[in-house]
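Please model the complete structure; the sequences and the hints are all you need to start from.
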Amino acid sequence: MSIVELFVGLKIPDTTAITTLHTIEKIGYKVTRLERLIYYRFDIEGDGKKFAEKINKTDILVNVNKNTASNELKKRFAAYLLITDSGDTCQSLLSILQNRLCFREIKSMQKGIVWALFGIDRQQAEEIAKKLLYNEHYQEMKVI
Amino acid sequence: MTKIAVIYFPGTNCEQETKRACEAAGLKADVIRWNAKELESYAGYILPGGWSYEDRIRAGVIASKDRILDAIREGAEQGKVVLGICNGCQILVESGIIPLLAEQAQMALAPNINPFISGYYCTWVKIKNSSKKETAFNSVMEDDEVLSIPVAHGEGRFTTKDTALVNELIDHDQLLFRYCDAAGKIIDKFPVNPNGSMINIAGICNKQGNVLAMMPHPERATWQRQVPTYHEEGDGPGPGIKIFESIKEYLK
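Protein sequence lines, in the order shown, are assigned to chains A and B. For what it's worth, our numbering labels the leading residue of the first sequence as 31, then goes sequentially. For what it's worth, our numbering labels the leading residue of the second sequence as 1369, then goes sequentially.
Just to be clear, a hint being listed does not mean it is correct.
Straight-line alpha carbon distances no greater than 27 angstroms define the calculated DSS-like cross-link-like pairs of lysine-lysine that follow [stated by the list, open to error]: (1) A:160 to B:1433; (2) A:161 to B:1575; (3) B:1500 to B:1405; (4) A:60 to B:1575; (5) B:1529 to B:1433; (6) B:1405 to A:60; (7) A:172 to B:1529; (8) A:160 to A:60; (9) B:1433 to A:141; (10) B:1433 to A:172; (11) B:1433 to A:161; (12) A:56 to B:1500; (13) A:141 to B:1616; (14) B:1616 to B:1405; (15) B:1405 to A:161; (16) B:1433 to A:56; (17) B:1529 to A:160; (18) B:1529 to B:1500; (19) B:1529 to A:161; (20) A:105 to A:60; (21) B:1575 to A:160.
What the hints contain is simulated information worked out from the structure, not anything from laboratory work.
Written as structure tokens, this is what we have:
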């Protein structure tokens, strides 16, 4: 069993990130820049490299006209947070990938959002996460 | 006549039908913007349904940080009526106003759990007036009265990791509306519980009973002609109007 991660970003302006940046300012923090990536983690059987090549081109996850795709997080000087929904096994998406798109090698998967907060320290990033980016009653946050 | 402010945020889309429901119950209502400054003159506030700020980050959270929520919180503390419907419910929960007038969210409206459909789900359900206390929202209803009402949401599952809070809500009789079957039986199973909500919660009020956050849409059941049983029942006031009539009674 191997693990393949996929980080999907936007080439076009990310309106969610822009609204979020404004809201962060409204709640009293100064973040100089905010980026958002959709995160997928696949537990697969077989060759991870071959799977990564295929999954990176799967248009229900990555639209090449507007998305970027990478199998590793290229970190810069920022606080990186991963938010996931507790207990979410992505059943609907997993079923499409396994049955309609024939990715039978996927055994389980997870989806989340990666936020990159620039210009603040880790403690402030965690405070912002708690106040805005996740709801601890059904989500989990991890500093990555 | 006392007036209600129906507050819309960018992305709200039920403000006009909510205003009409208020008027049908004999209330006067104005639709006002989220950045309005003058709120003092209103006797109550309704946050209608829709997709405030396009549900960015998660439903209701961006609107919950808007300055107008401070005025709504203040109004709630003063005993003014505050009703959040669907997205308005999500905003009140994210702001912490429901259930405990706290500064941070004490609960969440998580994505639905539905055995057949992932994401947005729209249907008619039954809810029961399950609180024994008289609040601003159920005074014209019978105890245990069952109402037919529509739901339309993707994130409507009331949940909390704080089990003590659930007991507190039960002890203070704050679970005003719960999903039930046509006979009023609470069955924690789809389709009676349409979204997997914890103990079938459809609407929660505050301890004082002047603030309510509910996921179903009473404004979409204001007249019988909106209800699927219209042909059997004939036209006239629908079940949802009772919530607005109760507000009118409370404001008297």
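Hint check:
no.	hint	verdict
1	A:160 to B:1433	holds, 13 angstroms
2	A:161 to B:1575	holds, 24 angstroms
3	B:1500 to B:1405	violated, 37 angstroms
4	A:60 to B:1575	violated, 36 angstroms
5	B:1529 to B:1433	holds, 22 angstroms
6	B:1405 to A:60	holds, 26 angstroms
7	A:172 to B:1529	holds, 18 angstroms
8	A:160 to A:60	holds, 16 angstroms
9	B:1433 to A:141	holds, 26 angstroms
10	B:1433 to A:172	holds, 23 angstroms
11	B:1433 to A:161	holds, 9 angstroms
12	A:56 to B:1500	violated, 40 angstroms
13	A:141 to B:1616	violated, 46 angstroms
14	B:1616 to B:1405	holds, 24 angstroms
15	B:1405 to A:161	holds, 25 angstroms
16	B:1433 to A:56	holds, 8 angstroms
17	B:1529 to A:160	holds, 15 angstroms
18	B:1529 to B:1500	holds, 26 angstroms
19	B:1529 to A:161	holds, 16 angstroms
20	A:105 to A:60	holds, 20 angstroms
21	B:1575 to A:160	holds, 26 angstroms
Comparing the model with each earlier hint shows violations of hints 3, 4, 12, 13; every other hint is respected.
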